[in-house]
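Chains as they are written, first to last, in the working numbering: chain A, 1 to 50; chain B, 1 to 635; chain C, 1 to 274.
Treat the hints loosely; a few may be bogus.
[As the list claims (entries may be wrong)] Distance condition first, Cα-Cα at most 30 Å in a straight line; then the derived DSBU-like pairs of lysine-lysine:
hint, chain 1, residue 1, chain 2, residue 2
1, B, 145, C, 6
2, B, 570, C, 6
3, C, 115, B, 570
Think of the hints as simulated: they come from the structure by calculation, not from any bench.
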Amino acid sequence: MSEENKIGGAALLVIWIAALAISLVAFYGLDHLIMNMQGLPLNADLTPAG
Amino acid sequence: MRSNRQQSIRRKGFSNRLGWLLSLLAVLLVFSVTPVFADMGMGGAEQRIAPIGRVHIAGQDFVPAADSATSEAEAPELIAAPRTSRKDYPNIGVSSRAVVWILAQLHLFFGALVLAVPLFVLVIELVGLMTGDERYDSMAHEFMKISLTGFSITAIFGGSLALALFLLYPDFMGYMMHVFGAQWLVYAGLFFLESFFLYTYYYGWNAMRYGNLKWVHLSLGLLLNGAGMTIMVMANSWATFMMAPSGVNEVGAVIGNIWEVMKGPLWNPINLHRFIANIGFGGAVVGAYAAYKFLSTKDMEKRAHYDWMGYTSNFIAILAFLPLPFAGYWLMAEIYAYSQQMGITAMGGILAWLFIVQAVLIGTILLAGNYYLWAGMSRTEGSKRYKPFIGFIAFVLVVCFLTWVTPHTLMLSASEIAQLGGSHHHILGPLGIMPAKNIAVNLMLIVTFLSFQLYRRSDKVATVSWAPIGNALMVAIYVVAIVNIIFLGVYFGYFTNTVYKVGSSVAQVSSTLVVIIAGIVIDSLMFKNAKTLPSHWGRIPDRAQYALFALPIAFTWLMGLMGYVRSSVKTHWHVYTVMKDNSPDNFIPTIGYAGNMITIVTVLFLLFVLFMFWVASLSGTKQAKPETVTEGGVA
Amino acid sequence: MSVFFKTIGFSIGLALIFTLVTQLLPQVEGEAPVETKVDLASLTMDDFVAMGEDLFMNKGTCTLCHKPPPIGRAPDIQGMDMVRTSTERFADERYQGESKDAAGYLLESMIDPSKFVVAGWGKKGSNDTVSPMPAIDKAPIQLSAMEMDAIIAYLQAKDGNEVTVSLPSPEAAAEVAAAAPAGGVAPAPAATAEEALGKYACSSCHAMDSEDPLVGPGLATVGRRLSEGEIRQSIVDPAAVITEGFPPAMPADFAEKMTVKELEMLVQHLAEKK
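Let's have the full structure, built from the sequences with the hints guiding it.
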């Protein structure tokens, strides 16, 4: 649609994977943060700790 | 001339319609009052005999001897909350509660409307000043004009409500007067201030339209809002005091100052919740006005104006509506923190069914809001790009809506447990919890925001170089947030304990918030200086306007429903734990009875709003001078 | 014109649909608790247990939280043998109460729920040291001592255990109320002389219907021996005149505890015992 921003297929793939990875990490951190703030710690695999 | 004729025709239709409406109301009223009559025959007062161990001398008030440790109890000026018996409540033949219910709700609807309208009028006026677009300024002025009568209507219902309360619940009102004391005077004084600012703000509009005077005008608007908000939070403190009293001791004697009485645990959550909801409500009502005007004209220029006005009002309403569940969550969390019993009475007791109705209402609001946005995409040339998403959004909305209203996701009440023949019904167990509904609600909010975002994007093309990255990030955030919400709901909801289940719903809500915030941030950066595609106001199908009627009706009804639950969680108390309600109406009415009452107040509100709009239109109507009939005039 | 009809019709139709939804749902009314009179003369233990069950389900609002998992928000009391559970609690090092038997433990749990918080059910952030449960003898639930006894009887009986609480007599009910630990509601003034006798536990030292000496002298014919003034003095200031052969054991604080009305009722009542 926008002519001036042509980016190659491979680069585009990298961008999409990177975006997905960043989002995954961000929400993983968010879950830990929010649950910890409520005094409900989680293990690394998101199971309840303790 | 044409509009004049239209007006008179409309009025005639109005009176026809009114007769029909009144008979409908009468039928509803009979339904709603009947159970009360049935109840009155029982004469419970005689059977209420205090149990052994708590006996007290006949004819004397029960005075619990306070612990000797609480020395305040010995101070002479402490007066405990009155203990009423049934004979202390005047019997007027119809349910006192029903009378107060209707008056209070109408007062609250109009109060919400006239608090919200000046608020977004001020914002729109400011936007007009910033953008230099005169359309905003005239729209703000028009909003003020159509809601002007609303201030008087609010005051009339407020006065009637106070009168009804003093007549029907004298002891309770005496106690409230005693507790809040001088605050009532401040409250009354604020009305003078509010009226002063209201009239100078409205009538001074054109006199102070440009230059420095515009800033004076904006300041008047700010002061009007300040007075209005103060009135609201003061009135809120009475309601929250009744739910969670503070500043009084166990028997209701005042031990704190007025600030401690007002600042109960639920005060600020209610203030925030009502503040946000008022904006949404006001936006929805004004949107309906614009939709009506749109439908009743064929003039393309007027259509464009009212289409734009309806869109802006709807925009305000939906924007205010999106954070409302979070404010509601805070309120509910504070209720649980104040009294777990009260929280569970609301969410898991007999009132639990109410949340099915709430789901229907919120579902209606979300569907109507989304539908309006989709229909509005026909205004812009660039919206074709996003058409495929609409099917997906509609699908998610419908599935979530159905999940939400499915009754088997309810907690069981005690009597239902008894009907099942014991408390150990293991088959129903996994279905009787909230997680499925939590997932549905959050997904509905997310896709509504998606609709909104797509609509905002539909007339723009991003020109920044990092647009592909921004898009990828936005899509990834949506996908991961949805996955996260489903994961949190399913895993913590069904496979861990209750504490983690409740905790995970906070994480779900946070995920939704992250999507909304990220969406706003990314889009505002990405579409800075974007290329704008042409859009055509007024190019929207007529049927889309009905979404703008569905919105205020559902909003009004929802407010009525929430009033029912807010008042009912107090169970048989005027002031929770401090002053018992011994009136004939001290039971929680059935959901069906509440439904009838809410429809009555909604229809009454609709009629009064129509009256308000009609009065506003009168000021713009001028009767033509009657022409003297000349001889041989045209018949 | 037709626009007016269409929009009004649409709006009212929508409101009626919402009303219809509420009509389709189960119609339950939340009755305010009705305090019923209990006829102590004909009350059997079965009635008392049934009364306890009713209190547990309704007025006590226990089942709001005490439900089977996963919907409950507190231990599933109805699914547990509470007598056996209480012995487990006594052995638990986290138990902070003083009671020694099941009935005592259950009463303690109702009056002061934080004495033992079952792991996982404490208030959020309190690490299971504070219970979210309200004190049952206080507002808003406000069960009387007798009502709490009835619930204990029900909890003992439902699993076939022996019921150790006794049927309520005016004296017993008053004693339980008076013995409620700090924080309990102070006893209300008695309405009749009989209630006052029970409330101040006179009969634990004085035989009321014979002259047999217990700790103190029997009072069946006390009106013959003492005048009203002397009776009043004996209650208010027991040490002034001690009947020969009895220890000075009578509490001296009745003057503080009794209301004037209670004292006068007692004096009248005793003076008439001739």
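Consistency of the hints with the structure:
1. B:145 / C:6: This hinted pair holds, its Cα atoms lying about 25 Å apart.
2. B:570 / C:6: At roughly 40 Å apart (the allowed maximum being 30 Å), residue 6 of chain C and residue 570 of chain B break the hint.
3. C:115 / B:570: 28 Å, holds
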